[in-house]
Structures are given as structure tokens and as C-alpha cells.
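Taking the hints into account, I'd like the entire structure generated from these sequences.
In case you want the letters, here they are:
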Amino acid sequence: GQQLNQSPQSMFIQEGEDVSMNCTSSSIFNTWLWYKQDPGEGPVLLIALYKAGELTSNGRLTAQFGITRKDSFLNISASIPSDVGIYFCAGAIVNTDKLIFGTGTRLQVFP
Amino acid sequence: DAGVTQSPTHLIKTRGQQVTLRCSPKSGHDTVSWYQQALGQGPQFIFQYYEEEERQRGNFPDRFSGHQFPNYSSELNVNALLLGDSALYLCASSLPDSNEKLFFGSGTQLSVL
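If you read the protein sequences in the order shown, they are chains A and B. Quick note: the first sequence uses the working numbering, first residue -2, plus one each step. Quick note: the second sequence uses the working numbering, first residue 98, plus one each step.
These aren't lab readings, by the way, just hints derived from the structure by calculation. Given the structure is predicted, the values throughout are model-derived calculations rather than measurements. A portion of the hints provided could be inaccurate.
[Said to hold, decoys possible] Which stretches of chain A does chain B cover? Using the computed rule of at least three CB atoms under 8 Å from a CB of chain B, they are:
id: 1; stretch: 40 to 48
id: 2; stretch: 94 to 105
[Claimed, not checked] Chain B stretches covered by chain A per the calculated footprint, using a threshold of three residues with CB under 8 Å from any CB of chain A:
id: 3; stretch: 150 to 157
id: 4; stretch: 190 to 200
Quick reminder that beta carbons are idealized off the backbone N, C-alpha and C, glycines included.
Here you go:
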């Protein structure tokens, strides 16, 4: 099935560092979303973006909707151990409610 | 307020068998979507139910079918199970005017032997 490309695939960082990850697509989306999944759980919505160029924050998390509508970026500032998990981007296809998910970025934070 | 609940949490079946997974949406949500998540992959859209009708469908064979009940709860049925059907099956619900913001359950881990 179709999946968005996320990079990096995995990250190993020290507590307190900032993190950047991105998501790209060959298709245009009208909505971008970022989810976090912990082991044994379903994904949890972090941020939703609705307009090209939009920059939205949720605490230490900041996400941007790329101006081409084919990419999105997520930044986490001052990482903490509970940031550990897999981060997925997702795009909503125009005129549908179907979400296409990315391949995921696995984040490990070391004290 | 309970979130999205799924049952069972784990299930083991053999090839050729049939399975039914269940989902209760978050209170106030009327739309239910099902996703399949293979190990190490992102979730893949199976289908979405609204007003007891299948509204949209992903690229899954007819062996995958579903149902939504008047109380908005939903079932996912898979017939003639294949080894490749082994995955985490996630149910997600959403608000009537915000179908892109999905609230996921913890999933049912299906193993096909």
C-alpha cells in the first residue's frame, strides 16, 4: 500500500537535544497530521495542520505544513525520556477522509 | 470518558479460519475507521463506516468486511485468513465534523499460524 516517506528512519539522541524529522510525498495533501505511537498502544494525535505554510506548536512540539503541500516537518525541542516512541506523519487525501501514514521515525532518548 | 476500546487484545488463528474484531468508539464519535499495521510499518487504511454504511475503502480484498451498529460500534471480519494477515488491527473514531483527526484504540494483535 501507499506510504509516505519519513526520515530519518531512527534517531538516537541525548536528553535535552532538539529533534527534527520530516515527511515527503509525491501527492498533494490538504491536511497533514503527526502522531506518536508507544509500544502496545495505538497512535496518538500530536498536531494537525490545515494550510500550506502553516506552523503550529503543541508544547515542545512544532510542525509545519510545507508550501508545496507535499511535505511536512516536526521538531521537538529539549527532548525528554518520555519522548521515546515512533512518530508517524499522515496525510489526508483531498476529498476523502482516508489517511495515508508514513513509514515512521523511531526516537530513542538517552539520559 | 472512555476512549476507543477494542477487543480482544490478542488473538491467534490458523490459516483459512475467520475472525471478528470489535470496536467501541469514543463517546460522541459517529465515524469508525479500521487500519492494519504490519510490524515495522505505518497503519494502512482498510475502510471507514458512517451511519452504518461503508463510506470509503482502501486497497484490501473482499475477505475484509465490516459492520457498524446503531450505537456506532463496529466489527471487522476477515475470512479465509492468510499468514500475511498477521498484524495489529487498529480501530479509530472521529467527530462528525473532523474526520481527519482520528482517535485510535490500542488495537488487536492478530497472529495467523
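Do the hints match the structure? See the list:
1. 40 to 48: holds (count 4)
2. 94 to 105: holds (count 8)
3. 150 to 157: Held - the stretch 150 to 157 of chain B has 4 residues with a Cβ nearer than 8 Å to chain A, which meets the minimum of three.
4. 190 to 200: holds (count 6)
Figure legend: structure checked against the earlier numbered hints; every hint is met.
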